[in-house]
Each structure stands twice: as C-alpha cells, then as structure tokens.
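A.B. asks: Sequence:
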Amino acid sequence: MNNLIPEILKVIFKYLYDPNADSCYIADRNHLYSCLLVNRYWCKVSVPILWSRALNYYGSIHERQTKILSLLKCLDQKSRNNLINNGITFPFSFDEVTIFQYTSYIEVLDYGKLINLVEDWLNTLQKLPAESLSLVLRSILKLLVKETKIKSFKTWPVKYSTDLTHLILVEKDIENLFLDVRDLLIITNIRLDRWLEPLIKICRKIKKLTIRIPGQTISTHSHYIVESAQMSLLIQHQQTLQKLKIFEGLGSSIIINKTLSLVKNSLNKLVFKYVNFEACDPWYGIRTLHMLQVFKCRNCKGLTVEMVKPLIECTKEDFKMIKKVDVDWNTCKEANTLLDEWKLII
Numbered sequence: 001m002n003n004l005i006p007e008i009l010k011v012i013f014k015y016l017y018d019p020n021a022d023s024c025y026i027a028d029r030n031h032l033y034s035c036l037l038v039n040r041y042w043c044k045v046s047v048p049i050l051w052s053r054a055l056n057y058y059g060s061i062h063e064r065q066t067k068i069l070s071l072l073k074c075l076d077q078k079s080r081n082n083l084i085n086n087g088i089t090f091p092f093s094f095d096e097v098t099i100f101q102y103t104s105y106i107e108v109l110d111y112g113k114l115i116n117l118v119e120d121w122l123n124t125l126q127k128l129p130a131e132s133l134s135l136v137l138r139s140i141l142k143l144l145v146k147e148t149k150i151k152s153f154k155t156w157p158v159k160y161s162t163d164l165t166h167l168i169l170v171e172k173d174i175e176n177l178f179l180d181v182r183d184l185l186i187i188t189n190i191r192l193d194r195w196l197e198p199l200i201k202i203c204r205k206i207k208k209l210t211i212r213i214p215g216q217t218i219s220t221h222s223h224y225i226v227e228s229a230q231m232s233l234l235i236q237h238q239q240t241l242q243k244l245k246i247f248e249g250l251g252s253s254i255i256i257n258k259t260l261s262l263v264k265n266s267l268n269k270l271v272f273k274y275v276n277f278e279a280c281d282p283w284y285g286i287r288t289l290h291m292l293q294v295f296k297c298r299n300c301k302g303l304t305v306e307m308v309k310p311l312i313e314c315t316k317e318d319f320k321m322i323k324k325v326d327v328d329w330n331t332c333k334e335a336n337t338l339l340d341e342w343k344l345i346i
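Sequence positions in the sequence shown follow our numbering and run 1 to 346.
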C-alpha cells in the first residue's frame with residue numbers, strides 16, 4: 001500500500017475513521033493509531049484525519065493530556081510569552097515544537113470539550129491567576145482562526161462553561177472562527193443575547209442548525225424576547241439551511257411562522273424534540289415548507305388542535321418531497337391524532 005497515492009490512502013483511512021459520525025469511536029481511533037506506526041508515509045496521511053475531530057471527544061486521560069500539550073506546543077513564541085508572563089507555565093521547554101501543526105487539521109470544535117480540556121490541565125498547575133482559563137482559551141482560539149477552517153461548531157452546557165468563556169468567541173480577532181461553519185449546535189444555559197448578534201453577521205453558510213431557546217421566566221423575559229428574535233435572524237440569514245432541529249426550550253412563534261417561511265426553498269428536515277409549544281401560534285410557517293422531506297415532533301408538550309390545524313388543511317401537492325413523518329409521545333392526544341391524519345394525507 002506504500003505505492004498508493006495520498007488521495008487514495010486518505011479515502012481508505014477515512015473509511016476506517018468515519019468523519020461524519022456524531023462521535024469518534026475508540027475502535028476507529030485505534031485502527032488509525034496503528035496506521036501511525038507503520039511508516040512515515042502512513043503517519044503523514046493518518047495525522048490530519050485523527051486531528052480533524054480531535055476536539056469532538058474526550059478520550060482517555062492520556063489522550064486528553066497529549067491533546068492539550070500538543071495544542072500548546074503549536075502556539076507561537078508571542079502567545080507562549082503572554083501566558084508565561086501571566087503566571088501560566090508549560091511542562092516543556094520554551095522552544096519545543098510539534099512535528100505537525102496539529103491545529104491546522106481541526107475541522108470540528110466542541111467548545112465545551114475544549115473548555116474542559118484546558119481546565120483539566122490547569123488544575124494540575126499551582127498558583128494560577130483567576131483569568132487563566134480565559135487566557136489559554138483565547139490563545140488557542142486565535143491560533144485556530146489563523147490555522148484552520150472550522151466546519152462544525154458545538155456548544156453544550158458543561159461544568160466550566162460561563163458567559164465569559166463564550167464571549168471570548170465573539171471578540172474581534174476570534175469571531176471569524178465561524179466564517180466557514182456549516183454545522184452549528186447551540187444548546188447552552190448561558191445568556192445568548194450578547195453572543196448571537198456577532199454570529200448573525202458572520203454565519204452565512206450553515207446547512208445544519210441545532211438550537212435551544214431557553215424557557216421564559218419573569219427574570220429572563222426580556223432576554224427571552226431578544227434571544228428569540230436573534231435566533232430568528234440567524235436562521236433567516238442561512239439561504240442554504242437544510243436541517244433545523246429545535247431541542248428543548250420554548251417553541252417561539254416568531255421562528256415557527258415568520259422565519260420558517262423564509263427558508264422554505266432550502267429546508268428539507270425539521271425536528272422538534274422536548275419543545276414546549278405553549279401559547280405558540282398556528283403552524284402556518286411549516287405549511288410553506290414545500291421542500292420538506294423529513295418532519296419529526298417527539299416528546300413535545302403544549303401542542304393544540306389549533307396549532308397543527310394548518311397542516312391538516314394541506315394536500316399532497318403542498319408536500320411533494322416528504323418522505324418521513326415521525327410524531328410520537330407528544331402530550332396532546334388530539335393534536336397527535338391530527339398529525340397522524342396529516343401523515344396519511346401526504
């Protein structure tokens with residue numbers, strides 16, 4: 001196999017390590033780790049594939065330690081000096097560098113996992129400044145902006161995740177990290193009103209979007225209104241959006257009606273899961289989605305007959321492309337019955 005051209009060998013290795021999988025299985029990684037040891041040629045082809053999703057999983061303690069040290073070794077001298085001057089020391093010599101520029105291969109960034117990766121390493125050090133987590137994150141993110149194009153970005157609620165760590169992402173010299181993102185997942189407990197506005201201006205190429213609109217309380221009412229409007233704008237700006245998943249939180253009438261009608265020419269998959277549709281207006285927006293192929297509504301509450309009625313009034317001509325309708329475990333039996341009838345109609 002040494003005679004195979006790099007492109008063919010790359011295809012074979014990617015088959016071993018599925019780049020489209022939602023998670024990186026240990027068995028797949030072990031296959032490629034074995035390839036690293038065959039010869040320099042195989043190593044050169046394997047490393048970019050392994051590192052493309054290195055920030056999408058935790059791995060063993062040894063893997064996590066290796067990853068964070070490799071990232072730090074990719075920093076230039078100016079960035080290293082800045083961290084050292086702020087009281088953060090490295091467990092390697094100042095001039096030590098990596099064989100590969102690993103950050104240039106990263107395509108998928110799970111921000112929560114990066115935060116935990118950095119924090120776990122910082123916990124092994126002593127006498128750190130209070131802002132040490134932000135300092136290291138900022139250095140790594142600046143490097144990613146310079147070295148690579150992130151295609152998939154995810155942010156989940158994690159232990160060390162705060163408003164402050166997320167606001168770093170929209171600083172002027174870091175916000176371009178989102179320029180080439182095609183797959184964006186935003187499910188977090190932080191305030192989004194200060195975070196989404198820059199994303200609306202930058203993200204224009206999203207094909208797959210997963211969002212959570214936080215529930216509304218008296219204390220968060222104003223934030224909820226702003227966040228719902230900003231989520232709506234983010235969706236509207238994606239003219240190539242193919243898949244939208246709303247997970248948990250409230251089903252905003254702004255998004256369900258006005259916004260969905262504006263992406264009707266591209267959206268082919270719509271998923272609602274654990275969404276509270278209380279006080280949501282009738283689903284006239286969904287009725288306009290003539291390119292829709294898959295519709296799922298599972299474990300949702302607050303559905304009413306009036307809400308789903310616009311779908312029942314549709315014909316097969318309105319949904320020519322539909323292939324799958326999955327409606328299950330929603331709290332309103334009458335609404336469920338109507339959705340089942342709609343499934344038969346189309």
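Incorrect hints may have been included.
As a list, the in silico EDC-like pairs of lysine to aspartate or glutamate whose alpha-carbon atoms are at most 20 Å apart [what the hints assert, rightly or not]:
#	residue 1	residue 2
1	K269	D173
2	K207	D173
3	K258	E306
4	K243	E306
5	K151	D173
Okay, the calculated beta carbon distance ranges per label pair [to be verified]:
#	residue 1	residue 2	range
6	Y58	K201	31 to 39 Å
7	K78	D328	22 to 30 Å
8	L179	Q65	18 to 26 Å
9	K207	K127	43 to 51 Å
Don't read these hints as lab results, they were simulated from the structure.
Glycine included, C-beta positions come from ideal geometry on N, C-alpha and C.
A.B. asks: Which numbered hints turn out to be false for this structure?
C.D. replies: Numbers 1, 2, 4, 7 and 8 - these are the hints that the structure violates, sorted from lowest upward.
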